[in-house]
Structure formats: C-alpha cells, structure tokens
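Chains as they are written, first to last, in our numbering: chain A, 35 to 515; chain B, 40 to 245.
A few of these clues could be false.
What the hints assert, rightly or not - Ranges between beta-carbon positions, derived for each pair:
1. Arg127(A) <-> Met40(B): 42 to 50 Å
2. Asp61(A) <-> Gly133(B): 44 to 52 Å
3. Asp116(A) <-> Met40(B): 32 to 40 Å
Said to hold, decoys possible - Computed from the model, here is a short list of chain A residues facing chain B with C-beta under 10 Å:
4. Arg209
5. Ala215
6. Ala289
7. Arg297
8. Arg422
9. Glu426
10. Pro457
11. Pro458
Unchecked claim - Derived pair list, reagent style BS3-like, types lysine-lysine, alpha-carbon separation capped at 25 Å:
12. Lys202(A) <-> Lys70(B)
13. Lys85(A) <-> Lys230(B)
14. Lys44(B) <-> Lys201(A)
15. Lys230(B) <-> Lys83(A)
16. Lys70(B) <-> Lys201(A)
Just so you know, these hints were derived from the structure itself, not from any lab. Using N, Cα and C, we set each Cβ at its ideal position, and we do this for glycine too.
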Amino acid sequence: MSTRAEAGPRTLFDKVFDQHVVTAREDGQCLLFIDRHLLHEGSFHAFDKLKARGARIARSDLTFGIEDHYVPTRTRDLGVIDPAIANMIRQLRDNTAAHGLRLFGLTDPAQGIVHVVGPEQGLTLPGLTIVCGDSHTATHGAFGAIAFGIGASEVAHVLMTQTLWQKKPKRMRIRVEGGLAPGVFAKDMALSIIATIGADGAAGHAIEYAGSAVRALSMEGRLTLCNLSIEAGGRCGMIAPDDTTVTYIKDRPYAPAGDDFRRGVEDWMALASDPDAAFDREVVLDAHEIAPIVTWGISPEDAAPITANAPDPDRMSDTARAAHVREALDYMGIRPGQPLTDIAVDRVFIGSCTNSRIEDLRAAAAVLAGRRARVPGLVSPGSAVVKRQAEEEGLHRIFTEAGLEWVDAGCSMCVGMNGDLVPPGERCASTTNRNFRGRQGPGSRTHLMSPAMAAAAAVTGHLTDMRPLLAGRTTGLTGEN
Amino acid sequence: MDAFKSLEAIACPLPLSGIDTDQLIPARFMKRSRADGYGDYLLHDLRFDDLGQPRPDCPLNAPRWQGARILVTRRNFGSGSSREAAVYALVDYGFACVIAPSFGDIFASNAINNGLLPATVSEEDCEALLAGLEDGDCIARVDLEACEIRAANLVIPFRIDPVWRTKLLNGWDDIDLTLSHAAAIEAFQAKDSIDRPWLVPRLRKS
Ligand code: SF4
Numbered sequence: 035m036s037t038r039a040e041a042g043p044r045t046l047f048d049k050v051f052d053q054h055v056v057t058a059r060e061d062g063q064c065l066l067f068i069d070r071h072l073l074h075e076g077s078f079h080a081f082d083k084l085k086a087r088g089a090r091i092a093r094s095d096l097t098f099g100i101e102d103h104y105v106p107t108r109t110r111d112l113g114v115i116d117p118a119i120a121n122m123i124r125q126l127r128d129n130t131a132a133h134g135l136r137l138f139g140l141t142d143p144a145q146g147i148v149h150v151v152g153p154e155q156g157l158t159l160p161g162l163t164i165v166c167g168d169s170h171t172a173t174h175g176a177f178g179a180i181a182f183g184i185g186a187s188e189v190a191h192v193l194m195t196q197t198l199w200q201k202k203p204k205r206m207r208i209r210v211e212g213g214l215a216p217g218v219f220a221k222d223m224a225l226s227i228i229a230t231i232g233a234d235g236a237a238g239h240a241i242e243y244a245g246s247a248v249r250a251l252s253m254e255g256r257l258t259l260c261n262l263s264i265e266a267g268g269r270c271g272m273i274a275p276d277d278t279t280v281t282y283i284k285d286r287p288y289a290p291a292g293d294d295f296r297r298g299v300e301d302w303m304a305l306a307s308d309p310d311a312a313f314d315r316e317v318v319l320d321a322h323e324i325a326p327i328v329t330w331g332i333s334p335e336d337a338a339p340i341t342a343n344a345p346d347p348d349r350m351s352d353t354a355r356a357a358h359v360r361e362a363l364d365y366m367g368i369r370p371g372q373p374l375t376d377i378a379v380d381r382v383f384i385g386s387c388t389n390s391r392i393e394d395l396r397a398a399a400a401v402l403a404g405r406r407a408r409v410p411g412l413v414s415p416g417s418a419v420v421k422r423q424a425e426e427e428g429l430h431r432i433f434t435e436a437g438l439e440w441v442d443a444g445c446s447m448c449v450g451m452n453g454d455l456v457p458p459g460e461r462c463a464s465t466t467n468r469n470f471r472g473r474q475g476p477g478s479r480t481h482l483m484s485p486a487m488a489a490a491a492a493v494t495g496h497l498t499d500m501r502p503l504l505a506g507r508t509t510g511l512t513g514e515n
Numbered sequence: 040m041d042a043f044k045s046l047e048a049i050a051c052p053l054p055l056s057g058i059d060t061d062q063l064i065p066a067r068f069m070k071r072s073r074a075d076g077y078g079d080y081l082l083h084d085l086r087f088d089d090l091g092q093p094r095p096d097c098p099l100n101a102p103r104w105q106g107a108r109i110l111v112t113r114r115n116f117g118s119g120s121s122r123e124a125a126v127y128a129l130v131d132y133g134f135a136c137v138i139a140p141s142f143g144d145i146f147a148s149n150a151i152n153n154g155l156l157p158a159t160v161s162e163e164d165c166e167a168l169l170a171g172l173e174d175g176d177c178i179a180r181v182d183l184e185a186c187e188i189r190a191a192n193l194v195i196p197f198r199i200d201p202v203w204r205t206k207l208l209n210g211w212d213d214i215d216l217t218l219s220h221a222a223a224i225e226a227f228q229a230k231d232s233i234d235r236p237w238l239v240p241r242l243r244k245s
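Using the sequences and the hints given, assemble the complete structure.
The following block contains the structure:
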C-alpha cells in the first residue's frame, strides 16, 4: 500500500510518517497529510484566522468538533453557568455549524474528553496522522498512530490545507521489560519513565514504547502511557498495533466495517518496527522495579515511589536542580526529607484524559468499596459512554457512598477552565497529567498518581501506599485473575 | 509576519527552570480574543499577587528590565500545553526572543509561527548570561544570521533549527507556501483514497 520513501529497515514511526509525505523539501521539511483533525473550544483563534482569509475547511469529513475543555460537569444547561464560559462553548457550536462539521456536543450520548472520545468512537485508528490543538493528543499514539498537539496557527493551517509541514524528529524507543507488580499501573510506568529521563528527556524525539510490559497493557493502559509522552518532552508516543488494538477497534461506531476493516487490519499489522530498525536513542526499564509513584513537586519529573522521602536540595551538587527543588518544595509546602506518606491532602480528583476510562474507575472503586473518604473529591468519567458503563456496573454508588461527587464528563478539574477548581493553597491528589504551579487553579498544589492511589489518599486523608488497601480485592483490570 | 534578522534590546533574566505554559498564561485568561491583546496576562501569577499588585521580587517588575524584548531563562521553557496564547502573551508584552537551554517542542513551533525567536544555548552559557545580566549592563544583541548573542562582555553562540531560521529571517507564512503545492495535495488524496479505502470515518447504521 505505501510507497517506500527510504529503503532498509524502518521503525513504526518511519512507516507511518513516510506514507503521509505529500512532498519533501531539500531542507528536510515534509508536507504531511493529516488524517484526523479534532477541535475543541480553544479552536476559536484558528477559526478567526480562517475567517480573516475567507477560507473554507479542506476536508470536513476528517474534521470533528468536541466540547470538553469548558463544559460544566454538574449541569448540561448553558443558561445557568458563567456566561464567559458558555460563550466559549457557543463559539465552537457556531464555528462547527458554519462549516458543517460533526460536533460531539454537551448533550450528545458520545460526548467526552477528546482523547477519550476518539478511540472510543473508532475515529482513532492505527497508521493515521492525528492532530488536535491539545498537547495530550499523543494519547492516540496507543493505536500506532502519529498523533501530536499543535498550536492555533497550525490548526488554521490544517483546516485550510489538511496538511502540516514537519521535519522528521529523531526516534527513541523506550522498552519496559518484565511484569508489573500487583497494584502498579500504566500511570506508574509513565511517571517512572519521566522521573528517569526528565521532563525534557524526549525533546525532539518521537517515542515508541515497546517491551513485554507494554505489550501486556490493555488499550486503556496504553492510552495512559502514550498520554504522558508530552510530559517527557516527546512530540508523540506510539505503540505498534497488535491483536489487543484490533480487538478494541472492531465494531466501534466510526470504525471501518466489512472489507474495509479486513483491509485495514492487514495494513495495520504491517506497521510494527522492522526487527533491525535503528533508533537514535534507547532506554530500557525493568518493570519489576516500578513501584506506585506520586509527584512531590511542580514538574512531572518531580516524582518518586510512595515509599520514598521528599528530596533535600541542600544535598544536591547540581545548582540548577537544587534551585528547582527548593522552589518546588516551597510552592508545595513540603519539608526537605519529609516522608511522602506524611503529606495530608485536602481533596481528590479522579478524571482527565490520562485516567478516566472504565478501567481507571474500576481500580479506584476497588479501593473505595465499603470505605468512606476523609476528604471531598470529584470523580469525572472521561465520556458519557464511560459514565453509562460505570453506572451499569454500580461503580457510581461506590463513589457516592464513599462521599465523593459523581459528575458528568469533561476536562473539569484537570485544567479548571470550566470552573471546577482546587482552591488556593489546597492540596489535591489527582489522576491528571500536570502538577504545574496553579494548573488546577491559582495557588493549587497537585500530586499526580494513579486512580487507585488517589482513591487511597481519599480514604486515609494523606498520600498513601494503596497496596495494603487493595490486598484481597480485584481491580477489575482486563487480564487480572 | 515580519522578518527577524537581528535585535538589540534590554534582556531580562528570569532564573527559573521549567516555566511551563500554564505559568506563561494561566488557563483562566484564555477566553479573550487576540485583538484585545494578551500582554497583561503574561506570567500573571508570577508577576502579580492575589490582590493584583506587582510582586517586587519578579524581575519583570524591576525598573531596570522595563521595556525588555529579550528574555533569558533556564531549561525546559514553554513545556506543557499547546496553547499558542503562551506565545501571544510573550509577543504582545513585547518579547521578540527567548534564550534558554531547552524549549517545549510545541511552544517552539508556535513561537516560530509568530515571529518569536527561541534561541537554544548551552547550560553553562545560560548561567553565565544570567549572572552577567544581573550584575552588568542589561542590553543584549541577538544576531540570527550569525546565530550569536552579545551581552555582558560575553559572545555566546545559539542553536536553532535551520529551517526555522530561514523562516524567521524571511518572515514566511506557511499557508501561502503550502497553497503553492495544491496540485501535489490533490494528487496525494486521489491516490490515497484507493490505497486506504478505510480512511474516511462513516457512522455505522445500528
Ligand atoms: S483532560 Fe486535561 S490534559 Fe486532557 S485534554 Fe482535557 S485539559 Fe487537556
């Protein structure tokens, strides 16, 4: 199917990239065809640029709108929320209507966070190029797609031309070999990788995740892993398609059917990196050594096993690192050397495109079942579909009986654009992806962790190793006995 | 877009690493239209306290750095979200160049698309430059043709992707360039629709 741009062994990334090259310049810039373009409320800058040029959308059949960043999670009625926020949602409605785009709006039974909806609806497929004006677009790479976030100028460019100029980044393979210990999840794997290579450790690289521990992950776990590629500085993260991928895609609402599906599977299975393909960098982690992880600072690389202590900047030789650690501990209100399990939390948030899929909710519910939360918290499923399924399984009752709030789907407290905020100075155990200063609201303090760990923090009121709380319980994860 | 060849201006040191896009422009400020300007939102929570008063310890508020058009800062600048508003805030404030040891990938490409130069220097040169600006003269000269920074008696080389350099030097806009390839894009799609019959999503009848 594809014309080989280069002879010799190629990586998964090369195969997908080469197939999308419309034209290549001598300086290495390639004009890439874009197969899926996902838009959310933040796209208004790009639509303004389109308007200024009087341009139309090149491929409306490959372009989809989703209301997620600003949507309220406690009502679906725009009339009762902050008018400035409602206006952001209305702008997307107007812009998608003016160009005849399919919009997954607030009341759509398939609405949800863009990176949850794409896979769930079968819009995300292996071998595609997928872009969205959101850095966590890397999530979709779990299917073996090249998926990356773009800025507003690039969004406008894709709307008008269905293409983007890109230079091939370097290729990096991260292998995680062996089996994860019980109570250790894809989120712990991802945070361990970031703590190992740094928040800019994969800058300029396209990541391929491989190794037996990655292969063993469900699609949900793979989505979590690829989601955090951007927090390691990578432009995208990918996993080669296999039976797990194909089984997930089959019969999704927008997935190809019949002969098209069979043809697709044939193409997708040929995408895996050739055995002797070369990578510019390779990092190998031992899955057995990965423990449940939490962050203590203001960058995702400020992460450590829950059994560890906060670092002490006075004992660091690297002055720039020591300065960062001092800043971070000061902002977070943590003493140097303080045991992480000593840190009391004020609330929990379970949600976001990182950890709001059905498996995430099952893992949190496994810890919470029959227990009460000591702190308030919000559980926001990744989509209306996830919400319905969780309710069919009775998970919502576990959350509400524990004292947590069960709300509708959206980005919610991950970024606080809809008004779901962590109050100033408060500390939140969060299943999201960014612990940046003020990310969850001005003055908020965020600790990143897996859903089971966030649930455990809710139960005890402080950062907690959830393994004893999970003993003898099943998380309901696919493949678990 | 205006071409960028060289710039002589006040350079403000901001000795912090990992200034992410959530700090460059907090999410709550992103509802404004670009026409209304984003400059007053730049690094809002670092510059202003809870009551909206300027924080005296923030270099951007110091009299000697007023009118700065060059920002010097530590590694991993602009990591985080793809929000182009982070670049709008820098540009609308008046910055035309940021000097740092590393940048978030998406931030850097957004910067180029708005004529803002992300100049990558070594960690050592960055530390020397930060110290030099703190103590001495605060004017720096950035030369994009020579890829060189002169400030505080230092001459420091910087790196930038050659393609981006050409784009900035010429002030090119991608869209016009791309539209000149319209025939190639057409031909690609015609062939691709045969090669990948499964590409276009269609909702199944249930
Ligand atoms: S949940 Fe958070 S990280 Fe994910 S798309 Fe929404 S705002 Fe971005």
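Practice task
Provide an ascending list of the numbers of those earlier hints which the structure does not satisfy.
Solution key: Numbers 1, 2, 4, 5, 8, 9, 10, 12, 13, 15 and 16 - these are the hints that the structure violates, sorted from lowest upward.
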